[in-house]
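Colleague: Below are the chains, spelled out letter by letter.
There are 2 protein chains.
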Amino acid sequence: MLKKLLLGGLGAALILTAGILLGHFGIQRGLTTPGWIQDVTQDVDEELIQKFISEVDNLEIQENLRELTKVPHMATTPGDEKTVQYMLKRWQDPDTGLDRAWREEYLVYLSFPDPKTPNKVTVESPTGKVLYTARKTEKPYGQDQENPDVVQPYAAYSPPGHPKGKLVYANQGKPSDYLYLNQTLELQGTIAITRYGGAGRAQKAINAAPYGVIGVLVYTDPRDINDGKMSDITETYPNSWYMPPSGVERGSFNTQYGDMLTPYLAAKDDTYRISPSKITGIPPIPTQPIGFEDAYALICNLGGLPAPNEWQGAFNCTYNLGGPGFEPTSNFNDSQVKLDIYNRGEIKNSSNVMGVIRGSVEPDRYVIYGNHRDSWVHGAIDPSSGTSVMLEVTRVLGRMVKQGKWRPRRSIIFGSWGAEEFGLIGSAEYSEEYYSKLSERSVAYINVDISVFANATLRASGSPSAQSVILKASQQVKIPGSESTSVYDNWIRYFNRSSPAYGVIPNVGFLTGAGSDYAAFIHFLGVTSMDISYTYDRTKTSARIYPAYHTAYDTFDYASKFIDPGFTSHQTVARTAGNVLMRLADSLLLPFNCSDYAETLEGYLSKALELYTDGLAVRNISIEPLKVAVYKFRSASASLDKMIRDSDLANETPLKVRRINDQLMLLDRAFLDPVAFPDQYGFRHVIWASSNAGVPTFPGLADAYSRAASSGLDVDWDETHRQLSVLSQAILGAAYTLEEVI
Amino acid sequence: MLKKLLLGGLGAALILTAGILLGHFGIQRGLTTPGWIQDVTQDVDEELIQKFISEVDNLEIQENLRELTKVPHMATTPGDEKTVQYMLKRWQDPDTGLDRAWREEYLVYLSFPDPKTPNKVTVESPTGKVLYTARKTEKPYGQDQENPDVVQPYAAYSPPGHPKGKLVYANQGKPSDYLYLNQTLELQGTIAITRYGGAGRAQKAINAAPYGVIGVLVYTDPRDINDGKMSDITETYPNSWYMPPSGVERGSFNTQYGDMLTPYLAAKDDTYRISPSKITGIPPIPTQPIGFEDAYALICNLGGLPAPNEWQGAFNCTYNLGGPGFEPTSNFNDSQVKLDIYNRGEIKNSSNVMGVIRGSVEPDRYVIYGNHRDSWVHGAIDPSSGTSVMLEVTRVLGRMVKQGKWRPRRSIIFGSWGAEEFGLIGSAEYSEEYYSKLSERSVAYINVDISVFANATLRASGSPSAQSVILKASQQVKIPGSESTSVYDNWIRYFNRSSPAYGVIPNVGFLTGAGSDYAAFIHFLGVTSMDISYTYDRTKTSARIYPAYHTAYDTFDYASKFIDPGFTSHQTVARTAGNVLMRLADSLLLPFNCSDYAETLEGYLSKALELYTDGLAVRNISIEPLKVAVYKFRSASASLDKMIRDSDLANETPLKVRRINDQLMLLDRAFLDPVAFPDQYGFRHVIWASSNAGVPTFPGLADAYSRAASSGLDVDWDETHRQLSVLSQAILGAAYTLEEVI
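If you read the sequences in order, they're chains A and B.
Following this note's numbering, the numbering of the first sequence begins with 1 at its first residue and continues without gaps.
Following this note's numbering, the numbering of the second sequence begins with 1 at its first residue and continues without gaps.
Since the hints were made in silico from the structure, they are not lab data.
Any given hint could turn out to be false.
Unchecked claim - Facing chain B, according to a computed beta carbon distance under 7 Å, are these residues of chain A, among others:
#1 W36
#2 V40
#3 D93
#4 E362
#5 P363
#6 Y435
#7 P625
#8 P674
Unchecked claim - Per the computed footprint, the stretches of chain B lying under chain A, defined by three or more beta-carbons under 8 Å from a beta-carbon of chain A, are:
#9 640-647
#10 703-711
Because the structure is a prediction, the values reported are computed rather than measured.
All C-beta atoms in this analysis are idealised placements derived from N, C-alpha and C, irrespective of residue type, glycine included.
Based on the sequences and whatever the hints tell you, model everything.
Modeller: Structure (structure tokens):
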């Protein structure tokens, strides 16, 4: 009986236990614990990141590049349309595409030469006889050499005109160069030949015009691009990566980004357009780029005094300043140089190709990844090396999505921007058209334009708060050909800095200019942005940039032979950028570090204090508010960091995580001030706006101080004070966003 | 055996069931269902709202008002400091106060008369003999009558000066008034006397100056404020609510809000300040307000032709235009009127008093409720009727918080703004200092300034999306003295409109101007804003505003005898505004309706199409983009509404609710464009910016079109086209924020 009772009790206990287990596990979950709990607390999955890294394929990238560079695809040309179609096909692929992909159109103001009457540069004798005609034809080797559709080299947005005058050599066309020249000869009515570098493209003409110079030639000196080498036969492409003598570096010669006829407005059919004559920032006199074989013929025949040592390039002759004009003993003697420039503005249709993967938990948070699609000619490196990488990233991620293996927590937007070469136009129009929703929801923008300049090391720039995620990703990816060396370990050998917080770490640069499509994101929208690429070993070359840049030689042949044979550097960039992208999209807590921003601001502050405190005090301007603001920013970031450390976010309400993420996401937004720089179109970020002062500190303050110190005018000191207040208020306002929210 | 088996089976089944139940209810909840689930899905608690309504006490409001109005409390005076202390004491009260309260300081540019040399208005004979001195002294009845600290009437920011000239009567000082006058007499060198109304305060002088007028007097005609009554003895205060003959309406005569020396910067110690000489929007010639007893003496002695019928006021004489100057038969004969104005700018410390209740679930969402604290004299109605209401709202809510009975889902911020009377300065500086965090997190701003103008009906203005929550609250509150009539039912009898969606409903007005502290919130920050008060029965009075407005007669005595005896209208406003506040703070889904915004935009569009389509077409400007934008906005709001209807939000992930709430919260933000109105300081909201065109449609388009149609200049048509593009892009951008988020 006892036994029976015991057995019965045991049985009952077993049944009870079974019931408890059944009740606990069998029913409960579906009933009162919402199914979404697991989703909302899900963090980044490291296994999926490893899977992504392992699936990124160098040969896929190579084939992407081959496809993209079959024809020249300058913005709005038929070749560009082919790349649009190709991007759409890839992103709409049922097995490896994105959730959705589509195109968006803008009618933008571009600048083209006249295809029927090409621009010309000639040397004319006093009797009008043409002694020399520059603009020899580039001969793109490899697949394209028979292709007639190679785009004529010209300076986009340079005005048309037919200036004729004596030639002078103006070095890099910097203000100091013309100042020097003007002290030794009469510049009025001359044509200046300048070499790339030292000053912005447009600046060479803008700086020249006040002296009466009437036209500018620009070329790439072998000193600056070829490590001095200039032979066509053995030393340059197709025998090396160096620029052949016929190579001409094209470019845009405007100083403002975005469509210039529709400032702050997306360029649609009926959008208000200013008159082209109202555009500011277009050079006042014509400029024409030429190859260095033509520059050689001109410069080595110049008369006058020898140019300073600093100005001498790699030609095997002495660079004279010009009489002005040619050496009396040369064939050109009394001749003048004539530019016949037929460039003209045209409003044309430019497309962005957009694609998205919808986020599962926070679809209203956007991680944006983009690159431009348009090139000057075939654009293998610029931009298709980046587009090939982007396509490989979307192929691997798209497949994971299509197979149901992955869906990011946040939405991912991919952008293939149009008309970047004309001034970052596609991305700028996009930022204007979708200003509100992008401002509200963008977590970050990742730009991979030229993905491989050279195959030595990763290089990255970005908002300081993004430093940590880039470094983290770089630790997880190996460099080409190594099973053990991480991108991080390699990178730190090439570019490093000493951080007060971390010691020596790879140096993530700043996004201070408008060099690629990140400009509209960081400067106009205030979205935390990054730019990632592979780049040079500076002990091996001093080339200003990879030598085929913006020439007809930037082809698949060139890229695959001399930039990245095997495409493993491309692969490394794809792995690193994709890793960053996945972390931004999937992390429960956004991988942004506000204390790293504080470190940067402190560095800028210490430079500002060193340079400006005394000069400001003389004018009774206190720099104290800036100090207070940066201190406050530091303490607010420290307290946010502590709050994060002290929280068990996976078990907190999702609204607390969202709150912190919003603080991190909106940090760069807090540095925007639309009235800070009224004369700098599209620059609203008071920490990263472009600056002329050349000092590693706050740009608005640096420029205003430099102007005031030089002019001594009250109005300039007033502006310096205003900049100080604008800056201090922005930093303090940003600090307030990091503090406890109420 | 069968029975035994059955019993055993039954027993086992019972035990199993017990186990299941135990497992299900006994263990599960505490273990895997997070405790925060209930909090994050909690909606507004109607019982708590009823509790709030029942606890709002009219006598508490009365005592608040008595306390606040003991002394004059013009901005930055000792009386103002007393009110600061009082607000702090109330909001820091351990039993009925807020979580925290503190003060914030700004150094702002104000304008005061010289206390030692008061401004003077005299009539001087040709020999320099003073025949008459205006500016009789107001005698504030009731508690204040012996108080010597009554503030001298003057026109703040009117420049100092001593103009002397023949007097003319210029009606309301509108452009058309001066145009008319100028056709009948010589205005050069005259002093113009004008009556309040028709044109903004500053405009009377700004409009006059181009004609050579050298000084302006302004007074309140009994026709405009007293329903024609003007006797001192029986018909006006203290015998009725009408303005006594000695009453002088003060005011600020600048046209820009916020501290004028620190545009877009919070006015702190070291902030950059423009020179006062650089301020724009200050009248070029002196203005002085006078009482109508003085105006009577001047106007009824004027010579010249009789003024048009429209210009005649309620004095028992014919209003002549002036010869210029007085009637030859009058005592004043050849005399001139002289203004001696000693106003001067002073930078003084102004305080905001801030208080907060921290939100429990979404502390990073702010519902803001505010009113200014400063008055011109005792300011019983303006602004203390509003402050008394705010203090009663905080007392009731504060007690619920202190007793642990309630904590709002979102944070509530209360603001007692300083220096509003000088141009909404306290709230504007607050919006500048905390721009980023307020932009990111503000759900709404509720303004209750003058809470009771009169005791007939509720009146409310606000963003269209806020209409529904105001109407909802008004249905839950009864009017004074009734157990059955709701505020809604009463309101609809006084102000109503026919809505395409709802039929006849109370008319919620628009916040188009900068009449009170909502300006910085709606126009600069783009925060959905509301303004709530109790107001007139227009069948009973045509008074421009309550007659003691901005005079020394606006006292507790006046308020309690003539505006709201028993303070039950105040109580009604407190109940309604507090109800709105609680709904905004507690609702799971924000009680904003984007389709109501669409209705408003459609109304504006249809007016714009009617007025502008043809005129624009003549200039080849297509209005199509505006139509497309409004249609898109309508369809996007319809789809968001449908998504809301189709969702079971209490059971969805809290991040979905947050996402929708963010769409609703940020809707007004999407209408901001900081470059839309470069000449209108602090106006960035393209739907509500102030307009001169007087047409119920989009303000920027209306003003630009009106200017272009009148001038015919290309530059004005260009600006009209630009405004059309700015507007269309903003509406389209707002529509994009309402669409499915990706």
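Colleague: All the hints need checking, so say for each whether the structure fits it.
Modeller: Structure-based check of all given hints:
1. Because the beta carbon of A:W36 sits about 4 Å from the nearest beta carbon in chain B, less than 7 Å, this interface hint is met.
2. A least Cβ separation of about 6 Å between A:V40 and chain B falls short of the 7 Å threshold, and the interface hint therefore holds.
3. With 7 Å as the threshold, the beta carbon of A:D93 stays out of range of chain B, its nearest partner Cβ sitting at about 19 Å, so the hint is violated.
4. At a threshold of 7 Å, the smallest CB-CB gap from A:E362 to chain B is about 6 Å, leaving the interface hint in force.
5. A distance limit of 7 Å between C-beta atoms decides the matter here; for A:P363 the minimum to chain B is near 5 Å, and the interface restraint holds.
6. Look at A:Y435: its Cβ gets to within about 6 Å of chain B, closer than 7 Å, so that hint holds up.
7. With 7 Å as the threshold, the beta carbon of A:P625 comes within range of chain B, its nearest partner Cβ sitting at about 5 Å, so the hint holds.
8. Contact between A:P674 and chain B, as hinted, is supported at the beta carbon level, the nearest pair being about 4 Å apart and thus within 7 Å.
9. Judged by the Cβ-Cβ criterion of 8 Å, the stretch 640-647 of chain B is not covered by chain A as claimed, because only 0 of its residues qualify and three are needed.
10. Counting residues of the stretch 703-711 of chain B whose CB falls under 8 Å from any CB of chain A gives 0; the rule of at least 3 is not met.
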